[in-house]
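Q: Just so we're aligned: the sequence shown equals residues 1 to 209 in this note's numbering.
Simulated from the structure, these hints should not be mistaken for lab results.
For glycine and all other residues, C-beta sits at the position ideal for the given N, C-alpha and C.
Accuracy of the hints is not assured; some may be wrong.
As the list claims (entries may be wrong) - FRET-style restraints, in silico, Cβ to Cβ:
hint	residue 1	residue 2	range
1	G16	W153	39 to 49 Å
2	H167	T63	18 to 28 Å
3	G94	S47	20 to 30 Å
4	Q75	Q199	27 to 37 Å
5	E202	N170	45 to 55 Å
6	N142	L15	15 to 25 Å
7	K59	D183	12 to 22 Å
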Amino acid sequence: MTKNLVIVFVKNTKLGSVKTRLAKTIGDFAALEVYKALLKVTQNAISELDADTHIYFSKEIETNTWTNHKKQLQQGKDLGERMLNAFKDGFNSGYKNIILIGSDLPDISSFHIENGFKSLQKSKVVFGPAEDGGYYLVGMSNLVKDIFCNKPWSQPSLLEETLQELHTLNVSVSKLETLNDIDTYEDLIASDFYKNNQQLQEKIRQFHD
């Protein structure tokens, strides 16, 4: 066991349950292919880290994926509660620094996560801001429950409101570089992730045309 833990929130790879906004444009089959490709990006990012990794599934634990990692189910009625419970699990298990990421970021790399851990040497909390006003990464060296309670999830004011509250509470915060996730067809076709992946382009054309 290392002192550092990476928690990855993943959705079960089932047709019709991933990238639903994107699916409205390109269909469920193509959206599933996009999510599978994004999972590979996430797997590559964590494979290069000197940290333990726990995978938290949305609905049920998949036995044939994410081998060699501890796997658990997300617990809670909303995203905030699910993230809070995952952090509690990690700190209760003895980890000192914990970073949580999602699994649909085309540009995430080990570099971002390592910078997150470095930031926790000087700050109690670190965020990786997303272009939509949320965040793709959150990390802590001590549990700060306020981050996850009564927040406007999926709204463009999420990170701003969270930072304001932490400032009021006098909690030190660091921020990483801003990244964009892929929620819409416009996000997808504008991304290097898509432009540089000919295999994915062919699959999407196959399902979308």
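Q: Work down the list of hints and note, for each, if the structure agrees.
A: Hint check:
One distance hint, 39 to 49 Å for the beta-carbon pair G16 and W153, is violated here, with the actual separation near 21 Å. At about 44 Å, the CB distance of H167 to T63 disagrees with the hint of 18 to 28 Å. Under the hint 20 to 30 Å, the C-beta atoms of G94 and S47, about 23 Å apart, fit the expected range. The supplied range of 27 to 37 Å is met by Q75 and Q199, whose beta-carbon atoms lie about 36 Å from each other.
Between E202 and N170 the CB atoms are about 53 Å apart, so this pair conforms to the stated range of 45 to 55 Å. Between N142 and L15 the Cβ separation comes to about 40 Å, which falls outside the hinted range of 15 to 25 Å. Remark: the range hint 12 to 22 Å for K59 to D183 is upheld by a beta-carbon distance near 20 Å.
In the structure shown, a violation is registered for the earlier hints numbered 1, 2 and 6, in ascending order.
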